[in-house]
Every structure is written in C-alpha cells, then in structure tokens.
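Input sequences plus hints: build the corresponding full structure.
Chain by chain, the residues run as shown.
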Amino acid sequence: MAFIKNCWYAAVWLADLPERAPFGRIVAGERMVFWRIGEDKVAALTDACPHRKAPLSLGVVQDGQVACRYHGLGFAPDGKCVTNPHGPLQESLAIRAYPVEVRDGMVWVWTGRADKADPALIPEEVLAFTRTLPVTAYVTGYLHARAGHKLFEDNLLDPGHADFLHPFLGGGAMTRATRTFVKSENSLRLTMIKDAWAYPPMFRPGMRDPDDVADNWAEVLWNPNGAVLIRIGATSVGRPREQGVITWTAHIFTPESETTTHYLYASGRNYNMDDADYNAALAIGLRASFVNEDVAMLEGQQAVLGDADLLDTKPHLFPMDNASVQARRLFDSLVAADQADWMVPN
Amino acid sequence: MAFIKNCWYAAVWLADLPERAPFGRIVAGERMVFWRIGEDKVAALTDACPHRKAPLSLGVVQDGQVACRYHGLGFAPDGKCVTNPHGPLQESLAIRAYPVEVRDGMVWVWTGRADKADPALIPEEVLAFTRTLPVTAYVTGYLHARAGHKLFEDNLLDPGHADFLHPFLGGGAMTRATRTFVKSENSLRLTMIKDAWAYPPMFRPGMRDPDDVADNWAEVLWNPNGAVLIRIGATSVGRPREQGVITWTAHIFTPESETTTHYLYASGRNYNMDDADYNAALAIGLRASFVNEDVAMLEGQQAVLGDADLLDTKPHLFPMDNASVQARRLFDSLVAADQADWMVPN
Amino acid sequence: MAFIKNCWYAAVWLADLPERAPFGRIVAGERMVFWRIGEDKVAALTDACPHRKAPLSLGVVQDGQVACRYHGLGFAPDGKCVTNPHGPLQESLAIRAYPVEVRDGMVWVWTGRADKADPALIPEEVLAFTRTLPVTAYVTGYLHARAGHKLFEDNLLDPGHADFLHPFLGGGAMTRATRTFVKSENSLRLTMIKDAWAYPPMFRPGMRDPDDVADNWAEVLWNPNGAVLIRIGATSVGRPREQGVITWTAHIFTPESETTTHYLYASGRNYNMDDADYNAALAIGLRASFVNEDVAMLEGQQAVLGDADLLDTKPHLFPMDNASVQARRLFDSLVAADQADWMVPN
Numbered sequence: 002m003a004f005i006k007n008c009w010y011a012a013v014w015l016a017d018l019p020e021r022a023p024f025g026r027i028v029a030g031e032r033m034v035f036w037r038i039g040e041d042k043v044a045a046l047t048d049a050c051p052h053r054k055a056p057l058s059l060g061v062v063q064d065g066q067v068a069c070r071y072h073g074l075g076f077a078p079d080g081k082c083v084t085n086p087h088g089p090l091q092e093s094l095a096i097r098a099y100p101v102e103v104r105d106g107m108v109w110v111w112t113g114r115a116d117k118a119d120p121a122l123i124p125e126e127v128l129a130f131t132r133t134l135p136v137t138a139y140v141t142g143y144l145h146a147r148a149g150h151k152l153f154e155d156n157l158l159d160p161g162h163a164d165f166l167h168p169f170l171g172g173g174a175m176t177r178a179t180r181t182f183v184k185s186e187n188s189l190r191l192t193m194i195k196d197a198w199a200y201p202p203m204f205r206p207g208m209r210d211p212d213d214v215a216d217n218w219a220e221v222l223w224n225p226n227g228a229v230l231i232r233i234g235a236t237s238v239g240r241p242r243e244q245g246v247i248t249w250t251a252h253i254f255t256p257e258s259e260t261t262t263h264y265l266y267a268s269g270r271n272y273n274m275d276d277a278d279y280n281a282a283l284a285i286g287l288r289a290s291f292v293n294e295d296v297a298m299l300e301g302q303q304a305v306l307g308d309a310d311l312l313d314t315k316p317h318l319f320p321m322d323n324a325s326v327q328a329r330r331l332f333d334s335l336v337a338a339d340q341a342d343w344m345v346p347n
Numbered sequence: 002m003a004f005i006k007n008c009w010y011a012a013v014w015l016a017d018l019p020e021r022a023p024f025g026r027i028v029a030g031e032r033m034v035f036w037r038i039g040e041d042k043v044a045a046l047t048d049a050c051p052h053r054k055a056p057l058s059l060g061v062v063q064d065g066q067v068a069c070r071y072h073g074l075g076f077a078p079d080g081k082c083v084t085n086p087h088g089p090l091q092e093s094l095a096i097r098a099y100p101v102e103v104r105d106g107m108v109w110v111w112t113g114r115a116d117k118a119d120p121a122l123i124p125e126e127v128l129a130f131t132r133t134l135p136v137t138a139y140v141t142g143y144l145h146a147r148a149g150h151k152l153f154e155d156n157l158l159d160p161g162h163a164d165f166l167h168p169f170l171g172g173g174a175m176t177r178a179t180r181t182f183v184k185s186e187n188s189l190r191l192t193m194i195k196d197a198w199a200y201p202p203m204f205r206p207g208m209r210d211p212d213d214v215a216d217n218w219a220e221v222l223w224n225p226n227g228a229v230l231i232r233i234g235a236t237s238v239g240r241p242r243e244q245g246v247i248t249w250t251a252h253i254f255t256p257e258s259e260t261t262t263h264y265l266y267a268s269g270r271n272y273n274m275d276d277a278d279y280n281a282a283l284a285i286g287l288r289a290s291f292v293n294e295d296v297a298m299l300e301g302q303q304a305v306l307g308d309a310d311l312l313d314t315k316p317h318l319f320p321m322d323n324a325s326v327q328a329r330r331l332f333d334s335l336v337a338a339d340q341a342d343w344m345v346p347n
Numbered sequence: 002m003a004f005i006k007n008c009w010y011a012a013v014w015l016a017d018l019p020e021r022a023p024f025g026r027i028v029a030g031e032r033m034v035f036w037r038i039g040e041d042k043v044a045a046l047t048d049a050c051p052h053r054k055a056p057l058s059l060g061v062v063q064d065g066q067v068a069c070r071y072h073g074l075g076f077a078p079d080g081k082c083v084t085n086p087h088g089p090l091q092e093s094l095a096i097r098a099y100p101v102e103v104r105d106g107m108v109w110v111w112t113g114r115a116d117k118a119d120p121a122l123i124p125e126e127v128l129a130f131t132r133t134l135p136v137t138a139y140v141t142g143y144l145h146a147r148a149g150h151k152l153f154e155d156n157l158l159d160p161g162h163a164d165f166l167h168p169f170l171g172g173g174a175m176t177r178a179t180r181t182f183v184k185s186e187n188s189l190r191l192t193m194i195k196d197a198w199a200y201p202p203m204f205r206p207g208m209r210d211p212d213d214v215a216d217n218w219a220e221v222l223w224n225p226n227g228a229v230l231i232r233i234g235a236t237s238v239g240r241p242r243e244q245g246v247i248t249w250t251a252h253i254f255t256p257e258s259e260t261t262t263h264y265l266y267a268s269g270r271n272y273n274m275d276d277a278d279y280n281a282a283l284a285i286g287l288r289a290s291f292v293n294e295d296v297a298m299l300e301g302q303q304a305v306l307g308d309a310d311l312l313d314t315k316p317h318l319f320p321m322d323n324a325s326v327q328a329r330r331l332f333d334s335l336v337a338a339d340q341a342d343w344m345v346p347n
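Chains as they are written, first to last, in my numbering: chain A, 2 to 347; chain B, 2 to 347; chain C, 2 to 347.
If you are wondering where the hints come from, they were derived from the structure by calculation, not from laboratory data.
Careful, some of the hints might be misleading.
[Stated by the list, open to error] Across the chosen pairs, the derived CB separations fall in these ranges:
#1 C:A309 - A:H145: 24 to 30 Å
#2 A:R190 - B:D41: 48 to 54 Å
#3 A:A22 - C:S185: 40 to 46 Å
Positions of the beta carbon are idealized from the N, C-alpha and C atoms, including for glycine.
What follows is the structure, encoded as structure tokens:
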C-alpha cells in the first residue's frame with residue numbers, strides 16, 4: 002500500500018469521540034486508538050497492547066491513560082506503559098504514539114516521523130471557514146465508503162460532475178466554466194469561472210432574483226492528505242463575489258485502506274446563516290446527496306476497477322481531468338519522496 | 002476462468018428489465034449494462050464508461066442512449082459515444098457493444114466475436130414451448146445461486162435425482178428408467194423411459210385414474226451455454242405421449258463466475274392450462290423447490306468443492322452420470338476450440 | 002493448517018444434535034456429518050457423498066444410516082455404502098468414518114488414525130464434575146468465535162485476566178496469586194493461590210460473611226485438544242477447600258479453522274445447587290460474559306493479528322504468560338510428532 006506517512010490525516014471529528022472511552026480507527030492502514038486527554042486534547046496510539054496484541058480500543062480510559070481491558074496495562078499519551086499490574090514498568094513496554102493536533106473540531110494525526118510532525122503542515126485553510134460562521138451556518142458529518150480516496154479526490158477536482166450527478170446543485174455552469182489551476186509543491190488550486198449563466202438550482206430559492214443570470218465560480222483546494230476545500234458561489238453579473246452566495250465545503254478523504262475511505266465533511270454558507278431549521282434540513286439533504294450520488298457512484302467505479310488503479314486502465318481522459326491527473330502525479334511523487342524518509346519508530 | 006465466448010447467453014428476462022433505466026449484470030465474467038431501445042429490442046454494452054470507468058448501469062436512459070450519470074457521456078446501442086458534454090465526439094470513446102437478440106421473452110447476449118453472432122445459434126428449442134401455451138399454462142422466474150453452472154447442468158442431466166431431492170415430483174420412475182443419449186456437435190439429448198410405473202406424485206391430483214400405472218418418460222436437451230430443456234411426461238400404459246401429461250421446463254444456467262450462476266427458468270404444462278390460480282400456486286411451489294432443494298443442495302456441493310472442479314475430486318460416478326460427464330467433455334472441447342477463436346474487440 | 006490429528010475433539014453437545022436429522026460441523030478443518038444411531042450413540046463421517054460430493058448433512062437419517070438427499074445413497078456408521086439405488090454396493094463407495102465417543106453429554110470425535118482411537122485418551126476429567134452435580138447446579142452452552150483456539154487457551158492459562166476483563170468475577174486475587182504449573186507429556190496443570198484476600202465479587206452474595214477475607218485458589222487443566230478445566234474457589238482463611246465455594250468450568254475450544262473456534266462450555270458449582278432459577282440466571286450471565294468479554298476481546302486480538310501467530314509478533318510477555326507459552330510449545334511438539342504419524346484412510 003502506498004500512503005504518504007509524513008502527513009497529517011483527519012482521523013475523526015472531536016465531537017464523535019466518546020467522552021470517556023477509547024475509539025479505534027484505521028488510518029492509512031494503521032490501527033489506532035484515540036482518547037480524550039483534556040478539553041480539545043486527544044491522544045493516539047497503536048491500537049494493540051504490546052503484551053498480547055489485544056486492541057486498546059476495547060479498553061477503558063482512566064486517569065488520562067488508556068488501559069487494556071484484557072490485563073490492565075495502562076498507557077500514557079506518549080505511549081509509555083505507566084500501569085502494569087504484572088511487573089515492573091519497562092521502557093520496552095512502550096507503544097507507538099502518534100502526534101495529534103485538534104483544530105477546528107477535527108482530530109488530526111501524523112503517521113510519519115514524529116520529529117517532522119509540524120502542526121504548521123496541517124492544511125488549516127480547509128476548515129477555516131467554520132471558525133467565523135455561526136453554528137447554524139454549517140453542518141458536519143462522517144461517512145465510510147468502499148472506494149479509494151483517489152477516486153473521491155478525482156471527483157472533486159472536477160466540479161463539472163455536479164451538472165450530471167447532482168441535479169439539485171448542478172446547473173450547467175461548471176461544465177462550461179473556464180478552468181485554470183496552479184500546482185504548488187504540495188497542493189493544487191483549481192479555479193472555475195462561468196460568467197453570465199443561470200444560478201445553480203440550489204441557490205435559487207434564497208435569491209431575490211432567482212431567474213437572473215449570474216457570475217458562477219468555484220475554487221478547489223486539494224491537499225495530498227485528501228483534505229479538499231471547495232468553494233462555490235454565484236453573484237449577480239459584474240458584482241463582487243462577496244455580494245453573492247458563497248458556500249464552503251470541506252471534503253476530507255482519509256484513506257483507511259487503498260480501496261476504503263473515511264469521508265469527513267463540513268459545509269457552510271453565507272446565506273440563511275441563522276436559520277437552524279434550514280441548517281438541519283440541509284444536513285439531511287447533503288448527506289443524502291453524498292450517500293446516494295457520490296458514494297454510490299464511486300463505490301460502483303471501485304467495483305469496476307477492482308484493485309486496479311484508474312490510470313492503469315487506459316481511461317479516456319478529457320481536458321477537465323487535467324487537474325485530477327496532476328494531483329495524482331503530485332501525490333505519487335510525494336509518496337516516493339516520503340517513502341525514502343519515514344520510519345516507524347516502534 | 003473458462004467460458005465459451007462465441008455463444009449466446011440468456012442474460013435477463015425481458016420482463017425483468019426496467020422500463021426506463023439501465024440494468025447491470027455480469028455474464029460469463031463480463032460486466033454488462035442492458036437497456037430497452039424499443040419494443041422487444043434491447044442493447045448491451047460493457048458496463049463501464051470509457052472516461053473514468055463509472056458503471057453505466059448507475060446511469061440514465063434517454064433518447065435511446067444510456068448516459069453516464071457521472072459526467073453525462075451518452076452511448077448508442079452500437080457503443081459509440083453520441084453525447085459528450087466535454088468535447089468532440091471521438092471514435093476512441095466507443096465501448097464494446099454486445100450483440101443482443103430478444104426471443105421468447107428472453108434477452109440473449111453474445112460474448113464472442115461480433116461477426117460470428119448468428120441468431121440462428123440461439124438454442125430456441127429450449128423456450129419454444131412458451132410460444133404456443135396460454136400465459137396461464139407456464140411460469141417464469143430468476144434466481145441467483147452461489148454454485149457453478151456445471152453443477153446445475155450435471156443435476157439436470159440426471160433426472161433421477163428427483164426421486165430423492167424432489168419427493169413431490171419423483172416417484173421412482175426416473176431412477177429405474179432406461180437411459181439413452183445422443184451427443185451432437187454442440188448439444189446432448191438424453192432420453193429416459195420407464196414404462197408401467199406409478200405416476201409421479203405431482204401429476205396424480207389431475208389424473209382421472211391417479212393410481213393407474215403409466216408409461217413415464219423424460220427428455221433432456223442440454224446446450225453448452227447452459228440452456229437446458231427438460232420434458233417430463235406420463236401417459237396411460239401403451240398410449241401415445243400426447244394423450245398423457247407433459248411438462249416442459251427450461252432451466253437456463255448462465256454463468257456469472259465459475260462458481261456463481263444466474264438461474265433463469267420457465268415451466269409449462271399441457272393440463273390445467275387455463276387455471277390461473279393453479280398456475281400461480283405452481284409458480285410458488287416450483288420456486289420453493291428450486292430454492293430449497295436444488296439450489297440449497299448445489300450450493301452445499303460447491304461449498305464442499307471450494308474452487309475445485311468436481312471431476313478433479315475423484316468422484317465415484319455411476320452409469321447415470323454418463324450424460325453429464327459427456328456434456329462436460331463436450332463443453333471442455335468447445336471451450337478449447339473457442340479460446341483459439343474469440344477476441345475482445347474493445 | 003497445523004492441527005493435532007491423533008486426538009479426540011469435542012464436536013457438539015449431544016443435546017444439540019437433532020433427533021432425526023444429520024448435523025454438519027467442521028472440526029479441525031475437516032467437514033463432518035454427525036447423526037444419532039441410538040441412545041448416547043453417534044456416528045460421524047466425512048460430510049461429502051463420494052458420488053458427487055453433496056453434503057450428507059443436507060440429507061436424511063433413516064434406519065440408522067445417513068442418506069444423501071441428492072441421489073439416495075445411504076451410509077452406515079462405519080462409512081460403508083449400504084444403500085445404492087443406482088447400482089451394486091461397492092467397497093469403493095465407502096467414505097471415511099470417524100471414531101466417536103459420547104461421554105458426559107459431549108460428542109467426541111477422533112480425527113487421526115482409527116487404530117489409535119483409544120477412548121481412554123479422552124480428557125474426561127474436564128467434564129467429570131457434571132456427573133455428580135444435580136442438573137440445577139451446572140449449565141452448558143455453545144458459541145462460535147472468529148478467533149483461533151490458541152488465543153482462547155492462552156486466555157484461560159492466565160486466570161488473572163478475570164481481574165480486568167470480568168469485573169464480576171475478578172477481585173484482584175488472581176493477579177496477585179502464586180503460580181505453579183506442572184507440564185506432563187500431554188497436559189499442563191496450573192495452580193494459583195492467593196491466601197487472605199477478598200472473596201471474588203460473584204461469590205459474595207452467597208457467602209455468610211461476604212466481607213471476610215478468604216483463601217483464593219484456582220486450578221487450570223489444559224489439554225492439547227483445547228479442552229480446559231478451570232476450578233476456582235475460595236474458603237475462609239485456613240479452612241479446607243471443601244468448606245468453601247468451588248466452581249468448575251469446562252471451556253472446550255475445538256478448532257474449526259486456524260482462526261475460528263467452536264467454544265463448548267459447562268459450568269458447575271457447589272452452592273445454590275438446587276436453585277433452578279439461580280441456575281437459569283447464571284446461564285444467561287455466563288454466556289453474556291463469554292460473548293461480551295472473552296469472545297469480543299479475543300476476536301479483536303485475532304483481528305489485530307490477522308493470520309499471524311501471536312508468538313511471531315514479538316509480544317512482550319510476563320511471567321504470568323509462562324503457562325500459556327509452555328502449553329503452546331507442548332502443542333507444537335505434539336503437532337510435529339503427530340504429523341509424522343497420522344494418515345487419512347479414505
């Protein structure tokens with residue numbers, strides 16, 4: 002399996018972590034146990050007791066430690082065994098601790114060399130919109146999907162798919178948009194613009210002049226850890242973007258395995274911002290769309306592909322696929338550089 | 002996997018195809034999408050969009066095309082891309098089209114070289130009985146089974162199994178019958194006769210003299226595409242067959258994989274022909290028998306065999322197995338000849 | 002797969018065998034069919050008809066034979082075909098018969114050389130306690146588990162795990178106990194003693210002086226076929242064991258595969274012996290404990306291990322693991338000796 006190791010992965014929404022129990026999740030092929038160690042503080046260890054490999058995620062949390070429920074060994078957030086009912090504490094009982102940062106309600110975990118775990122490398126821009134919006138102006142969620150993270154990232158690096166897969170959202174603008182993208186060392190930004198076109202259907206109910214033509218735009222920020230921010234907006238022709246509708250959606254695709262993905266999302270907007278009922282309805286609608294449209298389609302795509310990589314199947318690509326192909330190339334080069342570098346300390 | 006390619010397979014009952022949506026099925030290891038293109042007309046393509054391999058069976062049908070719901074590419078029944086919202090139409094966007102024929106309510110698909118797809122090769126005799134019977138004199142159905150097509154074909158090439166597996170049908174005649182079979186280039190016909198024996202139990206309720214002795218007979222027509230017709234009858238001793246009861250049952254075993262099978266069946270009779278209630282009850286009874294008796298037993302047999310071929314496990318065969326062994330040999334020789342010939346055009 | 006062949010395995014509780022039908026179970030990787038052939042008498046054969054490998058466990062029992070429901074071949078308890086509707090009886094139609102003994106309500110089956118199937122090798126001590134107890138003083142049960150038998154045996158060879166995994170049972174005594182064990186040619190006996198300590202929680206409600214200190218003890222008898230007897234008791238300080246509470250629990254772990262296990266258990270006690278209501282409640286509580294505590298933990302452990310053997314994963318072992326490591330070594334040496342000796346007669 003080829004994952005980037007020196008990398009922050011979104012593991013779980015902080016709100017989804019139990020208050021007083023450990024939580025197991027496989028991130029980029031590694032079994033991890035997470036638990037709360039204070040307000041907005043979380044620890045992560047390898048999810049296997051060094052004694053007999055029982056999962057610590059079946060254990061208990063007490064005194065800031067996670068304790069194995071099989072024989073009572075307790076581990077501190079740094080992985081050191083600090084409770085051993087069966088003998089002396091020994092250095093060799095330590096297990097691997099993963100650097101963890103909690104930002105914007107998300108638990109980020111670093112799977113590579115601990116000495117390189119610089120919190121500044123967290124792609125914070127992806128969830129930054131949630132900091133300033135009222136809680137009634139955004140929703141969050143989690144889905145598990147039996148399709149690989151690359152298929153999900155491809156999907157978002159081509160916002161034009163909305164015109165076909167999401168009739169509620171797509172109005173034809175994205176398919177016709179002018180695309181430009183900028184690739185940096187470790188991210189890719191795609192901009193799509195279609196001026197003087199109908200408003201996307203989902204925006205119309207809230208517009209004063211829903212039948213007006215609008216300047217439509219989308220911006221996608223892709224990060225190689227699977228964290229993608231897509232901003233979509235429309236504004237009356239010639240007006241600044243800030244005067245129109247804007248939505249921010251973070252789609253974070255954390256690999257579980259090569260072909261299964263943790264899909265963590267957040268979606269905010271600059272209209273109906275104080276309408277809790279609208280927000281609740283949107284939470285249901287968005288989730289239904291992700292489940293029935295994106296996940297269903299990409300799981301079907303994965304079923305067709307089996308274990309094959311899409312690019313090895315001679316797909317017939319279009320110019321609109323350039324961004325996703327470039328992102329895949331960047332990903333591959335980062336994996337190659339990364340594999341020369343990371344180590345598993347424990 | 003060893004399938005015959007130059008071959009018509011029964012894919013799906015026409016009645017089971019959605020009116021306005023595509024339908025996906027794996028036939029002989031190949032993913033196919035089917036859709037209606039007119040009364041009694043059906044198209045079949047590879048079930049993967051050439052763009053990014055999304056399943057077309059998750060798409061939509063419009064204007065006689067099947068359109069991918071991911072990015073809107075539309076394909077004509079000949080596999081050519083005729084709608085491309087993202088660029089010019091190109092020859093290279095074509096996908097493989099499978100020759101399709103609809104006969105007797107069954108959608109037959111050809112998996113080999115298109116230039117050899119002669120409709121005259123469809124084993125029409127298997128379903129011909131449905132043409133002349135009133136609709137209240139036959140039933141049809143579909144089952145999916147986790148056992149290979151060969152095990153199902155073995156099963157029918159030995160009608161004697163009914164005496165043990167189907168107590169409602171078997172009355173001991175078939176086990177004691179005189180067997181003869183004739184093998185042709187691409188089929189096998191087995192005849193079984195047991196004169197002066199009790200009527201099979203299922204026929205008795207409808208007989209004037211149910212306790213009479215009868216001349217019992219069965220004829221099995223096996224085709225190497227898994228389409229089997231079994232006619233079973235009984236008539237008063239010495240009388241012509243036409244004066245007795247006759248049943249026709251088409252058991253069509255289309256391989257999905259080596260060890261899973263699409264089981265399509267139709268069963269008709271020459272008595273109680275206008276009795277819709279009897280027909281409805283028989284539909285339920287037959288299906289229960291196939292599910293609880295044949296499929297249960299053959300799935301058990303497949304579980305014992307695992308991936309092994311029955312003939313590689315040193316089975317202890319009896320003379321009654323001759324027909325099925327001969328059918329398997331014919332199948333193997335046809336596969337060998339076929340593999341030298343077929344090609345995948347796309 | 003490495004199983005001991007010359008070995009009696011507990012296959013099924015006699016009470017769980019159908020009165021008049023065959024019963025299929027995979028024991029140590031071998032598919033077997035069991036059926037009753039008299040009061041407290043059971044036969045076992047390979048669960049595959051020699052004709053076409055249909056499972057005999059889908060068949061019927063008649064006249065002391067098991068008959069295949071596919072084509073009616075009947076087999077005697079010695080594996081000989083004694084009914085063949087399709088031809089003469091032949092020696093070559095015989096299938097493998099497994100020696101079977103019924104003891105203490107358990108059906109034991111021998112998977113090795115028939116000439117070595119000495120009933121004296123059944124580890125009878127494990128269930129002997131059920132012979133003298135009234136039926137209201139013990140319970141029995143069966144569970145299927147997706148974890149290997151060795152993990153279950155490890156578990157019991159360290160009774161200290163109860164202090165952590167079974168709060169209802171563990172009171173800290175076992176973790177602090179003095180351990181001694183004796184390894185014989187084909188078994189291992191572990192003794193644990195902790196004098197002057199609190200009674201285990203589950204015993205207290207029935208004690209006259211529940212808050213008294215007690216002499217706590219446990220004895221584990223491990224047999225290489227997975228049959229384990231664990232006796233746990235506590236008595237007022239300095240008093241003979243017979244004056245205190247004693248429980249006997251047989252945990253019998255019959256391998257299905259390397260990573261799945263048939264868990265057959267029986268648990269008796271020397272208190273509340275005539276209380277049927279207590280006994281019924283205990284049956285539910287014990288089963289809940291096995292399912293939610295042991296099986297859940299060991300299935301988690303197996304999931305972490307995958308197909309790896311625990312000892313190949315560099316576990317950090319403690320002195321309390323000595324008994325289980327010694328049992329594993331004895332097992333491995335017995336497998337090696339056994340493999341040089343056993344044969345499959347059929």
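Problem - C-beta pair A22 of chain A, S185 of chain C: status relative to the range 40 to 46 Å that was hinted - result: Given range 40 to 46 Å: holds, Cβ gap about 43 Å.
Exercise for the section: Mind checking the hinted window 24 to 30 Å against the Cβ distance between A309 of chain C and H145 of chain A? Expected result: holds (25 Å)
Practice task
Mind checking the hinted window 48 to 54 Å against the Cβ distance between R190 of chain A and D41 of chain B?
Solution key: holds (53 Å)
In terms of the numbered hints stated before, the structure departs from none.
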